[in-house]
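First to last, the sequence lines map onto chains A and B. For the first sequence, our numbering begins at 1 and goes up steadily by one. For the second sequence, our numbering begins at 1 and goes up steadily by one.
Accuracy of the hints is not assured; some may be wrong.
Across the chosen pairs, the derived CB separations fall in these ranges [unchecked claim]:
1. G132(A) with L35(B): 48 to 54 Å
2. R169(B) with T15(A): 35 to 41 Å
3. G132(A) with E162(B): 50 to 56 Å
4. G131(A) with F168(B): 32 to 38 Å
5. F68(B) with Q18(A): 57 to 63 Å
6. E223(A) with T69(B): 48 to 54 Å
By construction, these hints were calculated from the structure, which means they are not laboratory data. Yeah, the Cβ is synthetic: ideal placement off N, Cα and C, and Gly gets one too.
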Amino acid sequence: MNALTEVVQWFTDPTHWQGPNGVPTRLVEHVGLVALAVGIACLVALPIALVLGHLGRGGTLAINVSNVGRAVPTFAVLVLLAIGPLGIGAKATVTALVLFAIPPILTNTYVGMRQVDRDVVEAARGMGMSGGELLRKVELPLAMPLVMAGLRTSAVQVVATATLAAIVAGGGLGRIITQGIAFQDQAQVVAGALLVALLALIVELSMAGLQRRTDVRRRAAREARATGAADADADAETGDAVAREDDRVLAGR
Amino acid sequence: MRTRSEEIVSAVQQHVFLTVVSVAIGFAIAFPVALFARRFRSEGAVLGVTTGLYTVPSLALFGLLLPFTGLGAPTVIIALVIYSLTILVRNVIAGLEGVPEDVRESARGMGYGPARQLFSVELPLALPAVFAGLRIATVSTVALVTVGALIGAGGLGNLIYEGLNSVFRAQVLTAAALCVVIAVAADLLLLGVQRMLTPWQRGVQ
Chain A
1 MNALTEVVQW FTDPTHWQGP NGVPTRLVEH VGLVALAVGI ACLVALPIAL
51 VLGHLGRGGT LAINVSNVGR AVPTFAVLVL LAIGPLGIGA KATVTALVLF
101 AIPPILTNTY VGMRQVDRDV VEAARGMGMS GGELLRKVEL PLAMPLVMAG
151 LRTSAVQVVA TATLAAIVAG GGLGRIITQG IAFQDQAQVV AGALLVALLA
201 LIVELSMAGL QRRTDVRRRA AREARATGAA DADADAETGD AVAREDDRVL
251 AGR
Chain B
1 MRTRSEEIVS AVQQHVFLTV VSVAIGFAIA FPVALFARRF RSEGAVLGVT
51 TGLYTVPSLA LFGLLLPFTG LGAPTVIIAL VIYSLTILVR NVIAGLEGVP
101 EDVRESARGM GYGPARQLFS VELPLALPAV FAGLRIATVS TVALVTVGAL
151 IGAGGLGNLI YEGLNSVFRA QVLTAAALCV VIAVAADLLL LGVQRMLTPW
201 QRGVQ
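Just chain A, with the same shape it has in the complex (with noise of 0.2 Å):
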């Protein structure tokens, strides 16, 4: 068990929590490139797909996408734009998150907004909804378990692609990694390694707390409870919303 105390110790060394190699230096980085780049991502899918799913065209598109997704590999992406054009440093690592954070909030927003109960969707133009209330009022909110679900892929994948844009140039806490295996340093991969699986843990698992926040069926089914008026009903709808969590399209590593 030399290795383990070699990575307590690695923790434990004072000067690996200060300055620009420090792990909160790199923390910072990262999430601030997962942020940047998952944000970014939303700007761009969220309004394509929530149309697109609105008037259910483009289908083959969205579903595609993240299927070329995943058939490319990020390393190779992260290397090409490095070397390219935009030359080595942030504007490369930020271009190409984003292109992966893309697919899982496409696809998900809009096999979300198909999913939808075409009743539902019925009832409400018969109300006199417009296109847009409708959207807006009835599929979104929806649809918002499944968004959620692409969010969260997305910022999961980010975090690891974000790990490999060290190897390119980028900062973030792959830099530990990278620099461990550069010097030979196993206790420092090793606790790089910790780190950034433990990031991706707990965006994985607050994007998961935050899915279900947003999930207005599992949301009426609990104040059912809570209101003792639950029935079989209620029941029933809190067990399509947990079933619905494995609908969400996965992503590449």
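Once you have looked at the hints, place chain B on chain A.
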């Protein structure tokens, strides 16, 4: 001095080898794990663990394995087995769960034992979901192999890594394109096998 085409061919060979071995081992482990999860009603726990494993980024997983298996192909294969395993377990469980209860009951009514029911009724019906998992696992494994370059065994990823250091764009682009070609070819191959194994579905899709 090796020629460029020799270099490319050997990189492709390593790439395909790493992919096939990883997905095959992943499937060999995922199948019993899925059966075990169903048998002991522990699908939730098993899926929780596999989703957690899937969350760990590739570079971190390589890093965590490094002290045990060192640099080289074994580390890459173990990491890729873990990723394909998580996708496959999920899909095998979903496939078996999708078998209608009345079909199961009919099989029992016809006197099928548990093993015969599994292999001649439930598994064939679960095949589309299992193959969907195999295709996702294979395609993402092809892309992931490239990261192995960092620890010395990345197939076409080695060419990408070299291209990064020598700023040789054509080499990176070629290697990336070949990765996509391998992924698409593997996907179509698996789709073909699936069509062959599930003739009753041909009219449907």
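Structure-based check of all given hints:
| no. | hint | in the structure |
| --- | --- | --- |
| 1 | G132(A) with L35(B): 48 to 54 Å | holds, 50 Å |
| 2 | R169(B) with T15(A): 35 to 41 Å | holds, 38 Å |
| 3 | G132(A) with E162(B): 50 to 56 Å | holds, 53 Å |
| 4 | G131(A) with F168(B): 32 to 38 Å | violated, 51 Å |
| 5 | F68(B) with Q18(A): 57 to 63 Å | violated, 31 Å |
| 6 | E223(A) with T69(B): 48 to 54 Å | holds, 51 Å |
Checked against the numbered hints given earlier, this structure breaks hints 4, 5; the rest are met.
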